[in-house]
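If you read the protein sequences in the order shown, they are chains U and R.
Just so we're aligned: 85 in the working numbering is position 85 of the first sequence, and the numbers increase by one with no gaps anywhere.
Start counting at 1 in the second sequence, then tack on 1000, and there's your number in the working numbering.
These are calculated hints, taken from the structure and not from any lab test.
Keep in mind the model is a prediction, meaning the values are calculated, not measured.
Please note that a few of the clues may not be correct.
What the hints assert, rightly or not - Lysine-lysine pairs mimicking DSSO-like chemistry, simulated, CA-CA at most 27 Å apart:
#1 R:1078 x R:1062
#2 R:1078 x R:1016
#3 U:104 x R:1071
#4 U:22 x U:104
#5 U:104 x R:1062
#6 R:1062 x R:1016
#7 U:77 x U:104
#8 R:1015 x R:1071
#9 R:1078 x U:104
What the hints assert, rightly or not - Computed footprint of chain R on chain U; a stretch qualifies when at least three of its residues, placed anywhere within it, have a C-beta under 8 Å from a C-beta of chain R:
#10 41 to 53
#11 104 to 116
All residues carry an ideal CB built from backbone N, CA and C; glycine is no exception.
These are the residues of each chain, in order.
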Amino acid sequence: AQSVAQPEDQVNVAEGNPLTVKCTYSVSGNPYLFWYVQYPNRGLQFLLKYITGDNLVKGSYGFEAEFNKSQTSFHLKKPSALVSDSALYFCAVRGGASSSNTGKLIFGQGTTLQVKP
Amino acid sequence: EAGVVQSPRYKIIEKKQPVAFWCNPISGHNTLYWYRQNLGQGPELLIRYENEEAVDDSQLPKDRFSAERLKGVDSTLKIQPAELGDSAVYLCASSPGPLREQYFGPGTRLTVT
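Sequences and hints are given; from them, build the entire structure.
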């Protein structure tokens, strides 16, 4: 069965410092991995995805994520955090094209990122 | 380009009453999803459509929930009768295809009293 774990309920970081939001996954076959961000009273916004290729994926708003197959992780990173990055972040996984779960996203519980000035 | 549109944004009803949510996906997106997001949790898929066909409704509580996507564009999700445990945010998403990234609407926050 597919699953996603975000081990931290909240991450606190000072503005200008680097940030990391952790995600580990379990999926049969090759994983399709996603990060979404959710601001209060808004829907989820797509940040970036990994399907194949380079393990370092660059996305919107200066975010990037590193795929690590041996550790089954897909951590979200940003070199310099902004106060406006404060939001709820979700990692999600989907089975590959050969999986019976094609198209079905499994989301983690979410991690609240708090960036303080 | 307009995003995914949902209405209403908020709905408060008494238990045992019916309720319906509407979604208009991004133009050209054949795949449409309904998710439920409980407080403090990630979204959980209820149903996925490919055009007008429901291809995955395994998580939809069929005794009280129903959905339709006539003409393969707009979709409606209905609950009848609503229960207290149905209080959640109902999210609609669309994508150009099942393997592409999904774009979410703002959601409908349902409160059942």
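Status of each hint after checking the structure:
no.	hint	result
1	R:1078 x R:1062	holds, 10 Å
2	R:1078 x R:1016	holds, 13 Å
3	U:104 x R:1071	holds, 22 Å
4	U:22 x U:104	holds, 21 Å
5	U:104 x R:1062	holds, 19 Å
6	R:1062 x R:1016	holds, 16 Å
7	U:77 x U:104	holds, 25 Å
8	R:1015 x R:1071	violated, 31 Å
9	R:1078 x U:104	holds, 21 Å
10	41 to 53	holds (count 7)
11	104 to 116	holds (count 6)
Going down the numbered hints, you'll see the structure goes against just number 8.
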